[in-house]
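Asks: Sequences listed follow chains U and A, in order. At the far end of the first sequence sits residue 1506, using the working numbering, and the numbering has no gaps. At the far end of the second sequence sits residue 1506, using the working numbering, and the numbering has no gaps.
Just so you know, the hints here were simulated from the structure itself, not pulled from any lab data. Be aware that a few hints might be false.
Below 35 Å or equal to it, Euclidean Cα-Cα: the simulated DSBU-like pairs (lysine-lysine) are [what the hints assert, rightly or not]:
#, chain 1, residue 1, chain 2, residue 2
1, U, 1325, A, 1117
2, U, 1325, A, 1403
3, A, 1117, U, 1177
4, U, 1344, U, 1403
5, U, 1119, U, 1258
6, A, 1448, U, 1351
7, A, 1177, U, 1325
8, U, 1258, A, 1351
9, A, 1325, U, 1303
10, U, 1112, U, 1344
11, U, 1325, A, 1258
12, U, 1303, A, 1123
13, U, 1439, U, 1119
14, A, 1351, U, 1325
15, U, 1181, A, 1117
16, A, 1258, U, 1258
17, A, 1448, A, 1343
18, U, 1344, U, 1303
19, U, 1325, A, 1401
20, U, 1177, U, 1343
21, U, 1343, U, 1303
22, A, 1444, A, 1303
23, U, 1303, A, 1117
24, A, 1117, A, 1439
25, A, 1448, U, 1344
26, U, 1325, A, 1181
27, A, 1444, U, 1325
28, U, 1351, A, 1401
29, A, 1325, U, 1401
30, U, 1444, U, 1401
31, A, 1443, A, 1344
32, U, 1110, U, 1403
33, U, 1319, U, 1344
34, A, 1319, U, 1325
35, U, 1325, A, 1344
36, A, 1444, A, 1110
Next come the chains, spelled out residue by residue.
There are 2 protein chains.
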Amino acid sequence: MSGEDAPAQQQNAEEQKQQQQQQETKTPAESPKTESKPDPPPSSASTEAAAAAADTPAPAAEKAPEEDTFSYRALVLTGYGGYDKVKLQVKKGKPALKSGEVMVRVKMCGLNFADLMARQGLYDRLPSPPVTPGMECSGIIEAVGEDVTDRKVGDKVLVLNRSGMWQEVVVVATTHTFLMPEGMSFEEAAALPVNYITAYLMLFDFGHLRPTQSVLIHMAAGGVGIAATQLCKTVNDVTVFGTASASKHEVISQGGVTHPIDYRTRDYVEEIRKISPKGLDIVLDPLGGSDTHKGYNLLKPMGKLISYGAANMLAGQKKNLFAVAKTWYQQFSVHTLSLIQGNRSVCGFHLGYLDSETELIAQAMAAVMDLYRQGKIKPRIDSTYHLEQVGDAMRRMQERNNIGKIILTTEPMKEEEKKEEVKKDEEKKKDDKKKDDKKKEDKKKDDVKKEEKKEEKKKEEAKKDDKKAEEKKEEAKKEEN
Amino acid sequence: MSGEDAPAQQQNAEEQKQQQQQQETKTPAESPKTESKPDPPPSSASTEAAAAAADTPAPAAEKAPEEDTFSYRALVLTGYGGYDKVKLQVKKGKPALKSGEVMVRVKMCGLNFADLMARQGLYDRLPSPPVTPGMECSGIIEAVGEDVTDRKVGDKVLVLNRSGMWQEVVVVATTHTFLMPEGMSFEEAAALPVNYITAYLMLFDFGHLRPTQSVLIHMAAGGVGIAATQLCKTVNDVTVFGTASASKHEVISQGGVTHPIDYRTRDYVEEIRKISPKGLDIVLDPLGGSDTHKGYNLLKPMGKLISYGAANMLAGQKKNLFAVAKTWYQQFSVHTLSLIQGNRSVCGFHLGYLDSETELIAQAMAAVMDLYRQGKIKPRIDSTYHLEQVGDAMRRMQERNNIGKIILTTEPMKEEEKKEEVKKDEEKKKDDKKKDDKKKEDKKKDDVKKEEKKEEKKKEEAKKDDKKAEEKKEEAKKEEN
Chain U
1026 MSGEDAPAQQ QNAEEQKQQQ QQQETKTPAE SPKTESKPDP PPSSASTEAA
1076 AAAADTPAPA AEKAPEEDTF SYRALVLTGY GGYDKVKLQV KKGKPALKSG
1126 EVMVRVKMCG LNFADLMARQ GLYDRLPSPP VTPGMECSGI IEAVGEDVTD
1176 RKVGDKVLVL NRSGMWQEVV VVATTHTFLM PEGMSFEEAA ALPVNYITAY
1226 LMLFDFGHLR PTQSVLIHMA AGGVGIAATQ LCKTVNDVTV FGTASASKHE
1276 VISQGGVTHP IDYRTRDYVE EIRKISPKGL DIVLDPLGGS DTHKGYNLLK
1326 PMGKLISYGA ANMLAGQKKN LFAVAKTWYQ QFSVHTLSLI QGNRSVCGFH
1376 LGYLDSETEL IAQAMAAVMD LYRQGKIKPR IDSTYHLEQV GDAMRRMQER
1426 NNIGKIILTT EPMKEEEKKE EVKKDEEKKK DDKKKDDKKK EDKKKDDVKK
1476 EEKKEEKKKE EAKKDDKKAE EKKEEAKKEE N
Chain A
1026 MSGEDAPAQQ QNAEEQKQQQ QQQETKTPAE SPKTESKPDP PPSSASTEAA
1076 AAAADTPAPA AEKAPEEDTF SYRALVLTGY GGYDKVKLQV KKGKPALKSG
1126 EVMVRVKMCG LNFADLMARQ GLYDRLPSPP VTPGMECSGI IEAVGEDVTD
1176 RKVGDKVLVL NRSGMWQEVV VVATTHTFLM PEGMSFEEAA ALPVNYITAY
1226 LMLFDFGHLR PTQSVLIHMA AGGVGIAATQ LCKTVNDVTV FGTASASKHE
1276 VISQGGVTHP IDYRTRDYVE EIRKISPKGL DIVLDPLGGS DTHKGYNLLK
1326 PMGKLISYGA ANMLAGQKKN LFAVAKTWYQ QFSVHTLSLI QGNRSVCGFH
1376 LGYLDSETEL IAQAMAAVMD LYRQGKIKPR IDSTYHLEQV GDAMRRMQER
1426 NNIGKIILTT EPMKEEEKKE EVKKDEEKKK DDKKKDDKKK EDKKKDDVKK
1476 EEKKEEKKKE EAKKDDKKAE EKKEEAKKEE N
């Protein structure tokens, strides 16, 4: 997952950047949203790229015909911003396989909060655009590099990587692939790695979760939320408090949340204190900002707060500087003496920064797979989108409409679906325009109101001044008297 | 261990305060250092004390003769300061037993770092002086209160309490006593509670120690250090880095420290990096200040720093404001975003703040006792002192001359020992005087040197001024020319 482990991905990114410099040419035959990019002509390759190519077993000059015609669709983040910044493009040329690497034909990809942060430029583990995002996928091994003995062509695998998974073909170090257990669907396999390893390491390594303990899970209907709930249920008598909007309560209750709390209408701290006056053993905090403070204050002695994100920074599809600044400003910091006096622990977790810890990940993955085989966990799929619909998929996640995992499938869209998609797109644009217009109108109204208020204030102040002037006059009179 | 759980202790403290107000009368027959205090006459009892007495099952007015003559020796912290602030006194009157309480005839008491901090007024869990310090002891149950079914007269127990254990008789809630296993000595029993429960909860709850991991143990020859080393050895292939002065390395190596490091002559961070370039899984930090920063930076991904003290605040027998301020100023604080990016955990631990967590303590104690029965842990006794020698005991700990636990025994000193003690005391006083004189002399010398330096500086500056003046003259000449 590190730079050294995934040179093919980096090389792709390099190629993409070169491609980006070329003029963009749309190929309507592919899809309304798909952009086909020609290979950069050899003459345009930089010395650096040429040197890199010389290292690969099949240099560009000696490419076999099959390798020349090899192409695959890939989602590419073209720049930081809104949902439309992730575009479907066609990459050409067969990626080279180094020793210890495998090529995977991707079936399904998982969507994660880090991808949303990355699109807004808020996640430093994604190389700068143009780049293919995505930390996880499932698929079938199509080719193996030299010295690969533990994987063979045809193996069904799930893949966990720092980035680059949202495309039809990926090349990764074999250590980043894990064999899919019998009976696991490709959707489940793509939904599992990030959410379950995150939840597993947080609850069982940092959290040391034991029977009869209590856990607060924010965004309990999200990918990590559902994974964490299921993992809590593998331990006896664990009480799970889960925040989610009311419409999701039935589903998360069935999934194992003991006390669902609608954070939109209730103060979750109060609700928890009512049920568990002494507080909680573990708080999983993906929100950051003021919620981290609340979580810390909810801890029992020997309690653990595990911070694993700053979802509060996400407000709207484009970077909201106010939300970022506010979350940053309110971000929690703690002094060891406070920790000592409270017998507390504060932990930080993000799988994206663990990409070189292959052994740790392999152990956690093995444990998670065992639980899957025993039927104790099962990823819940919220919805599956085509690569062309990645914007809708991201919107669904960011607006927190999902219950469970959102999946991207590499299966091409049918023609009729595409037509419908175009219609929907137009409607959405109209809708967005309406929303924008509404916002503008609201702003205008607000401005007018503000102006009115200002006027009123001025008038009042003028009145006050008049009054004062009168009072002074009277005083003056009195003095005269 | 909380206020509600140990009213007898609090009542004793109340009595002591009243006694303190009386004139101090030495009783040479007892011991040169022992002060016998008469019971306060009933007339002097405050209304508050009288009200409190009315609550007890045996009010003062109805005391049986045996209860009137009942007396026991107790160490009492009479005020914050040096080693001599802990005085041996005689308390009179049999403590009242409430429901759920037991009275223990104490054999041995354990000495802890918190007691040293408390003497200097740096530990807020000890009630204000006059008060009997001490968090742990061992002994035999002498009486049981109503509703006590799990303990009987004659039971050998070890006791863990918030304070008040350094005396011949203690009254505590039965939940704070634990039956001594077969074959355990009273010394071991007094050495075990604080150190082993601290080390156990840090390593296995906050630390989640697993096979092949690495741990840094500061003050590896201290009570917690030796307990932690032994507990590390109960897990396969754990690498233990232990800091201690060179003279203790042989013993701690035999005890299980893989890499002893002399922190006085070596940079421990460098030494650890040489052996373990990736860093450590767990750092146990009793020092505070700049050492916490070093420990944090030594952590691997998923590593845990566990801060459990501020021993760096202790410099000299009296409170050293400079050391306190420096340690406080350098005290570590951390931001969740730093924790997230490093996948790290920072924990604070202090058993003194867990006094109401009886269930948690009972579970940890049961686990520790099991390990003792299996022969996997065994407290190492450094030395045993009589109550009269508590000053020496504290000095030995504070000057870090111990390897293992320092114990106080309630066994009275023999007459010849006492005489020797008096001699020693006189020698020590002479020694202290010499030290003081030496310090004064050194200061004088320093002052003289400083004066000389100042003089030299002045002379040099005068020379420089002369030179400048000459240069100016020459320049003036040149200009004239």
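Asks: Hint by hint, note whether the structure agrees.
Replies: Now for the hints, and whether the structure bears them out:
As the CA atoms of residue 1325 of chain U and residue 1117 of chain A are separated by approximately 40 Å, the hinted pair breaks the 35 Å bound. Annotation: proposed proximity of residue 1325 of chain U to residue 1403 of chain A holds, straight-line Cα distance about 31 Å (limit 35 Å). Among the hinted pairs, residue 1117 of chain A with residue 1177 of chain U is inconsistent with the structure: their alpha-carbon atoms are about 84 Å apart, more than 35 Å. Of the supplied pair hints, the one linking residue 1344 of chain U and residue 1403 of chain U holds, its CA atoms being roughly 34 Å apart against a limit of 35 Å.
Proposed proximity of residue 1119 of chain U and residue 1258 of chain U is contradicted: the alpha carbons are some 45 Å apart, above 35 Å. Note on residue 1448 of chain A and residue 1351 of chain U: the hinted pairing is violated, with a Cα-Cα distance of about 68 Å set against a maximum of 35 Å. This hinted pair checks out: residue 1177 of chain A and residue 1325 of chain U have alpha carbons roughly 33 Å apart, not beyond 35 Å. This hinted pair does not check out: residue 1258 of chain U and residue 1351 of chain A have alpha carbons roughly 47 Å apart, beyond 35 Å.
With a C-alpha separation of about 33 Å, the suggested pair residue 1325 of chain A and residue 1303 of chain U falls inside the 35 Å cut-off, and the hint holds. The suggested pairing of residue 1112 of chain U with residue 1344 of chain U holds, with an alpha-carbon distance near 18 Å, which does not exceed 35 Å. This hinted pair checks out: residue 1325 of chain U and residue 1258 of chain A have alpha carbons roughly 29 Å apart, not beyond 35 Å. A threshold of 35 Å between alpha carbons decides the hint, and for residue 1303 of chain U with residue 1123 of chain A the separation of about 26 Å falls inside it, so the pair holds.
Under the criterion of a C-alpha separation no larger than 35 Å, the hint pairing residue 1439 of chain U with residue 1119 of chain U is consistent with the structure, at around 26 Å. Taking the CA atoms of residue 1351 of chain A and residue 1325 of chain U, the gap is near 30 Å; set against the 35 Å cutoff, the hint holds. At roughly 80 Å between alpha-carbon atoms, residue 1181 of chain U and residue 1117 of chain A are farther apart than 35 Å, so this suggested pair is violated. Of the supplied pair hints, the one linking residue 1258 of chain A and residue 1258 of chain U holds, its CA atoms being roughly 32 Å apart against a limit of 35 Å.
Restraint check: the Cα-Cα separation between residue 1448 of chain A and residue 1343 of chain A comes to about 24 Å, which is no more than 35 Å; the hinted pair holds. For a cut-off of 35 Å, the pair hint linking residue 1344 of chain U to residue 1303 of chain U is broken: about 38 Å separates their Cα positions. Note on residue 1325 of chain U and residue 1401 of chain A: the hinted pairing holds, with a Cα-Cα distance of about 31 Å set against a maximum of 35 Å. Distance restraint check for residue 1177 of chain U and residue 1343 of chain U: the Cα-Cα separation of roughly 42 Å exceeds the 35 Å cut-off, and the hinted pair is therefore not satisfied.
A distance of roughly 40 Å separates the Cα atoms of residue 1343 of chain U and residue 1303 of chain U; the hinted pair therefore is violated under the 35 Å criterion. For the given pair, residue 1444 of chain A sits about 57 Å from residue 1303 of chain A by alpha-carbon distance, which is inconsistent with the 35 Å threshold. A threshold of 35 Å between alpha carbons decides the hint, and for residue 1303 of chain U with residue 1117 of chain A the separation of about 39 Å lies outside it, so the pair is violated. A hinted pair counts as satisfied when its Cα atoms are at most 35 Å apart, and residue 1117 of chain A with residue 1439 of chain A qualifies at roughly 23 Å.
Taken as a hint, the residue 1448 of chain A and residue 1344 of chain U pair is broken in the structure, with Cα atoms around 78 Å apart against an allowance of 35 Å. Note on residue 1325 of chain U and residue 1181 of chain A: the hinted pairing holds, with a Cα-Cα distance of about 32 Å set against a maximum of 35 Å. Between residue 1444 of chain A and residue 1325 of chain U, the direct Cα distance comes to roughly 52 Å. Violation of the 35 Å bound is thereby established for this hinted pair. Distance hint between residue 1351 of chain U and residue 1401 of chain A is unfulfilled; the C-alpha atoms sit about 52 Å from each other, more than 35 Å.
Proximity of residue 1325 of chain A to residue 1401 of chain U is assessed by CA-CA distance (about 31 Å); at most 35 Å being required, the pair is judged to hold. Restraint check for residue 1444 of chain U and residue 1401 of chain U: the C-alpha separation of about 41 Å exceeds 35 Å, so the hint is violated. Pair hint residue 1443 of chain A plus residue 1344 of chain A holds up; C-alpha atoms about 29 Å apart against a cutoff of 35 Å. Annotation: proposed proximity of residue 1110 of chain U to residue 1403 of chain U holds, straight-line Cα distance about 32 Å (limit 35 Å).
Restraint check for residue 1319 of chain U and residue 1344 of chain U: the C-alpha separation of about 25 Å stays at or below 35 Å, so the hint holds. Simply put, residue 1319 of chain A and residue 1325 of chain U have alpha-carbon atoms about 28 Å apart, close enough for the 35 Å limit, and the pair holds. Annotation: proposed proximity of residue 1325 of chain U to residue 1344 of chain A holds, straight-line Cα distance about 32 Å (limit 35 Å). At roughly 21 Å between alpha-carbon atoms, residue 1444 of chain A and residue 1110 of chain A fall within 35 Å of each other, so this suggested pair holds.
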